[in-house]
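Chemist: Using the sequences and the accompanying hints, generate a full structural model.
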Amino acid sequence: MADEEDIADREALRRVGGLSTELEDVSEVEYRQLRLERVVLVGVWTTGTQESAQRSLEELARLAETAGSVVTEGLIQRRAKPDSATYIGSGKAAELRQVVVVNGADTVVCDGELTPGQLQQLEKIVKVKVVDRTWLILDIFAQHARSREGKAQVDLAQMQYMLPRLRGWGEAMSRQGGGIGTRGPGETKIETDRRRIRTRMAKLRRDIASMETARRVARSSRRESSLPSVAIVGYTNAGKSSLLNRLTDAGVLVHDELFATLDPTVRRSRTSTGREFTLTDTVGFVRHLPHELVEAFRSTMEEVADADLLLHVVDGSDDAPEEQIAAVREVLAEVGASGIPELVVVNKSDVAQTETLIRLRRNEPHIVAVSARTGDGINELLVAVDSDLPRPTVEVDVIVEYSRGDLVARIHREGEVISETHLDHGTRVHARVSEMLAHELDEAADGQ
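Residue 502, in the numbering used here, is where the sequence shown stops; the numbers in between run on with no holes.
Just so you know, the hints here were simulated from the structure itself, not pulled from any lab data. Since the model is a prediction, treat every value here as computed from it, not as a measurement. Hints are supplied without guarantee of correctness; some may be wrong.
What the hints assert, rightly or not - EDC-like mimics (lysine to aspartate or glutamate), calculated; alpha carbons at most 20 Å apart, straight line:
1. K205 with E356
2. K135 with E167
3. K146 with E127
4. K135 with E105
5. K181 with E149
Stated by the list, open to error - Each pair of labels, with its calculated beta carbon distance range:
6. V271 with A463: 22 to 28 Å
7. H345 with T101: 18 to 24 Å
8. G328 with S457: 19 to 25 Å
9. T267 with G429: 36 to 42 Å
Cβ coordinates follow ideal geometry from the N, Cα and C atoms, glycine included.
Modeler: Written out as structure tokens, the structure reads:
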């Protein structure tokens with residue numbers, strides 16, 4: 055019976071996909087591809103160049119593929135502003151319906167954020183599920199969240215987005231099929247009851263607040279160690295996790311897809327002179343990152359706002375890295391991190407165009423080109439980090455007994471050694487250290 059159903063599925067998929075009429079001609083790869091959700095993309099080009107609008111649609115295609123869909127076609131509508139009723143206008147909506155039919159698409163993904171009314175009207179015309187860019191990104195986050203905190207943050211962001219759209223989403227969210235928009239809170243049908251959503255949101259906020267307290271304690275503990283902190287920020291898939299692995303052997307998951315890692319990872323590393331610092335990998339950014347996500351992930355983003363230095367990783371192989379830089383800085387400003395010293399790290403220098411590197415070096419005053427894959431430029435990066443990190447503020451000249459080798463090790467690890475001499479009764483160290491370590495050295499000297 056299962057074999058008969060499988061054959062029937064293949065025959066139906068063949069008719070939709072325009073494959074050969076011979077069953078044996080359908081390969082396993084083609085069969086699995088056709089089982090995936092088929093989507094049509096549509097965008098409205100209102101400002102900027104046509105190339106910029108096309109890049110935005112290409113990024114939307116990568117987002118849809120990351121969500122587990124097959125992109126069949128993409129349309130761009132040139133308008134002064136999105137249509138208030140259907141986002142793309144009635145004529146383009148009718149054309150979109152025909153494209154959906156021809157491609158056997160299950161879903162339309164719009165390259166913008168739709169109002170509840172636009173979503174409802176467009177869905178009536180195309181007669182398939184319609185989602186916008188914001189919900190697509192939220193859906194990807196729902197797939198990739200692993201930690202309890204990450205899952206709570208994504209759930210909260212989805213509910214914040216969903217609450218004002220219950221009427222517009224009612225028909226689409228009632229479907230029991232899989233695909234974009236059905237993961238996370240959508241599966242629980244929680245959107246049908248505003249009161250239940252608000253209750254759930256209140257609980258999630260309390261949970262996130264308690265987890266935020268634990269994160270704040272961990273940050274405070276790292277601060278007490280007097281180690282300077284560096285946060286890796288950048289566009290999604292620019293190579294942040296690869297760079298963290300290269301600098302610290304952290305073993306963080308690396309995939310060639312958008313938003314592969316969401317949970318911050320904190321590791322220790324050393325500068326070119328041996329100074330230790332903490333290195334934090336953060337969630338990737340993207341054009342028009344949903345405001346709901348920025349708000350929900352604010353406690354995580356505080357890792358960035360508390361850093362002493364930002365390593366802003368840029369994909370050197372991208373056609374328009376400047377657009378990525380602008381998008382990241384927009385989010386940094388939202389979380390209060392725009393005033394932190396920033397070192398632009400152009401990753402993938404081994405495959406970047408020479409003219410791209412020249413242009414970035416001309417436009418960015420503080421920049422280093424590296425390849426996390428090959429290791430090129432990493433030493434230069436560590437020298438730049440050592441130069442940019444805050445220097446210890448207290449200068450000391452102390453003799454530390456040999457029995458307190460732990461203090462000498464801390465001076466080397468946390469401070470900046472100017473000179474070191476081994477005497478008969480101890481080690482004389484002239485160095486710059488933090489106020490806390492200077493106090494401990496004074497107490498050790500008093501106890502001698």
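Chemist: Now tell me if each hint is right for this structure.
Modeler: Against the structure, the hints:
1. K205 with E356: Since the Cα atoms of K205 and E356 sit roughly 18 Å apart, the hinted pair holds (cutoff 20 Å).
2. K135 with E167: Holds. K135 to E167 sits at ~13 Å (cutoff 20 Å).
3. K146 with E127: Distance ~14 Å between K146 and E127 Cα, so the pair holds.
4. K135 with E105: 18 Å, holds
5. K181 with E149: Between K181 and E149 the Cα gap is close to 13 Å, so the pair holds against 20 Å.
6. V271 with A463: 22 to 28 Å: With a Cβ separation near 25 Å, V271 and A463 satisfy 22 to 28 Å, so the hint holds.
7. H345 with T101: 18 to 24 Å: 20 Å, holds
8. G328 with S457: 19 to 25 Å: 23 Å, holds
9. T267 with G429: 36 to 42 Å: Between T267 and G429, where Cβ atoms are some 39 Å apart, the hint holds.
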